[in-house]
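*Asks:* Chains Z and C supply the protein sequences, listed in that same order.
Under the working numbering, the first residue of the first sequence is numbered -17, with each subsequent residue one higher.
Under the working numbering, the first residue of the second sequence is numbered -17, with each subsequent residue one higher.
Incorrect hints may have been included.
The list cannot tell twin chains apart, which means a pair is met if one copy fits it or any two copies do.
The calculated lysine-lysine pairs, modelled on DSSO-like cross-linking and capped at a C-alpha distance of 30 Å, are [to be verified]:
| hint | residue 1 | residue 2 |
| --- | --- | --- |
| 1 | 309 | -15 |
| 2 | 110 | 141 |
| 3 | 173 | 278 |
| 4 | 281 | 210 |
If you are wondering where the hints come from, they were derived from the structure by calculation, not from laboratory data.
Number of protein chains: 2
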Amino acid sequence: MIKIKLMILDSDEIYLERFTSVLNTKYQDKIEVHCFSNVQYANLFLVDNKVDVFLCAENINFDKKVLMPNCGFAYFCDKKSINQVDGAKAIGKYQKIELIYSQILDLFSENSSYKVSEIEAKGLASDKFVYLFMSAAGGTGSSTLAAASSMRLAKKGEKILYINLELLGDCKEFFVSEGHGNLSDLIYAIKSNNANIALKIESLIKNTKVGVDFLECCSSPLDIRDIKDKDINILIDTLLKLTSYTKIIIDADFSLQDISLSLFNVASSIILVSDGEKIANDKTIKLLETFGIIEKQNKTPLLQKVKIAYNKFSSKNAQQIVFDDVKSIGGTPRFDGAVPMQIAEQIANMAFLDNI
Amino acid sequence: MIKIKLMILDSDEIYLERFTSVLNTKYQDKIEVHCFSNVQYANLFLVDNKVDVFLCAENINFDKKVLMPNCGFAYFCDKKSINQVDGAKAIGKYQKIELIYSQILDLFSENSSYKVSEIEAKGLASDKFVYLFMSAAGGTGSSTLAAASSMRLAKKGEKILYINLELLGDCKEFFVSEGHGNLSDLIYAIKSNNANIALKIESLIKNTKVGVDFLECCSSPLDIRDIKDKDINILIDTLLKLTSYTKIIIDADFSLQDISLSLFNVASSIILVSDGEKIANDKTIKLLETFGIIEKQNKTPLLQKVKIAYNKFSSKNAQQIVFDDVKSIGGTPRFDGAVPMQIAEQIANMAFLDNI
């Protein structure tokens, strides 16, 4: 991996010393940091060195024009909550190092001229296992099972990335984390066509205490609507090349738009969730029949990837779906009186999820 | 309304007499029927008369070439289940008169050169009340509430047309009826651009004992995916002009594709259904926020049409949604141990549905 050359200009030398020490402890193999408290020395260094990201304390009078065009720039501020100073990006100095690092990555991804292939050359698409969770009926708790599966796999030591592509989804139901940005920023970066997408994704990924990394949902469903065929393929290709993850879990709405067709294609396993009641089961069967048509049209296997899981299964009315050779992996009854996160954590302990 | 000129050629004179009598009793103002048991007389009649639909017994040797190009033709057969004879359409003689009538209408709609405006000139778009049922989360029983509302309005004497545009919907969950064809046929007719859409719809409409008329769902969700912006507008315009109905109830998936945007636009009332649980409520709020953005973009009011209804509401965890001035119209708890049709019939007795 190429190291990001970071330069910081700040008159607070004590801060600079501490910051460099913490950064080197955590990200020595990813960032090479050069600190300056004096503008003249900084300008001299810039003459002979190609710098990727430049952070400048807001009280220092520095002329940004001396920077190379593909050098990322942000003001380095005392306030944590500030995002912009004089129309340029701003990063709070007194945040957790992980949050500062992700913003440095973000600046680099938007300005760097490196191509994805140079940075993530090692990742092979076929290495990655992609689980796609969907529901034909909605409201059957497919997001809960997707979150629970992520938690269970993470506990077993897998490196998990969870992505929610639902139009109206919300990762906060299941995962808490700090950090900036969400899928809307990623879609914007893909569409603007001038960012390093792999680094952009890395900068947007949030970590949780349960060991699952995730990308926050879009701010508005209108952003997902605007994803084109081409965009989703760039997104998926880049995800598959990320070397940091062994398994990707995608939670998405069922549709027959381009985005879904691309997901059907890339998924190693498609888990359809039903509550076992008549309406949800009938819709699931209609979906399986549609998969049968699509696989004939596209001449690529689809039904053999499908597994059926049950959530909110009540023994009184609920029945299992029988459809050709499609496997049921089991399920869980309805949990009452708990918030979604607690329910997902309980389901994460259930062995049937090992069959996804 | 223009009368359809129907001609029947069949050697069974007793059948012809009975058929004419039944047809005239039920459809005198819609069909003018001329019966012949002899080919020569039939051919003579065709010289001087413009015939819209021609039915010919399959054992009679008749040369179809003498018919005008826009005359609908079908064989009139003894078997009920037959659809085609020698590559031409076939209609079973011994079916209920309503089913034969709808197939005659269908033939007329596909071949007639009348434009919709000539036949349905009286209907005004603004007369019609359109209820759109949707759910942000799915699986909250929005189809059940849509069906129950249709039943309740029909009981009160309204002329109701129920249409299910869900990708994976199934009218049979709520309504039983005989008859041919479904929405897929209608979409095909709209796309082929050579049918009278109002008559095509009339020919596809099925009647139920509970007083609700409905259009059967698509055979495959792939047919709904293929609906273009233009097609859905033709469909909606024609529905609004149908004089036989006072209220139209549409059950659809939430999406942000063209089809949904057209439906948002045409709906007089949009009923969003939630089960009151956290995930469904959060998704509903995200949907309401999106409606807020769309109404600003399009400069047409949207949020003021929205009402929230609850189904499967369990008093233990469920909560009502609070969002600006959007009204809740009430709801019903979960019904256990009954099939969807029974549940819809029970809910149809509940007064809160009067607020939709």
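*Asks:* At most 30 Å between alpha carbons: which applies to residue 173 and residue 278, within, between, both or neither?
*Replies:* This pair counts as between: shortest inter-copy Cα distance 24 Å, intra-copy 32 Å.
*Asks:* Can you tell me if residue 281 and residue 210 fall within 30 Å by alpha carbon in one copy, between copies, both or neither?
*Replies:* Both. Shortest intra-copy (23 Å) and inter-copy (26 Å) distances satisfy the 30 Å Cα cut-off.
*Asks:* At most 30 Å between C-alpha atoms: does residue 110 with residue 141 qualify within a copy, between copies, both, or neither?
*Replies:* Classified as within; 11 Å inside a copy, 56 Å across copies.
*Asks:* Regarding residue 309 and residue -15, is the shortest C-alpha distance of 30 Å or less found within a copy, between copies, in both, or in neither?
*Replies:* Neither: 46 Å inside a copy, 56 Å across copies.
The structure does not agree with numbered hint 1 stated previously, though it agrees with all others.
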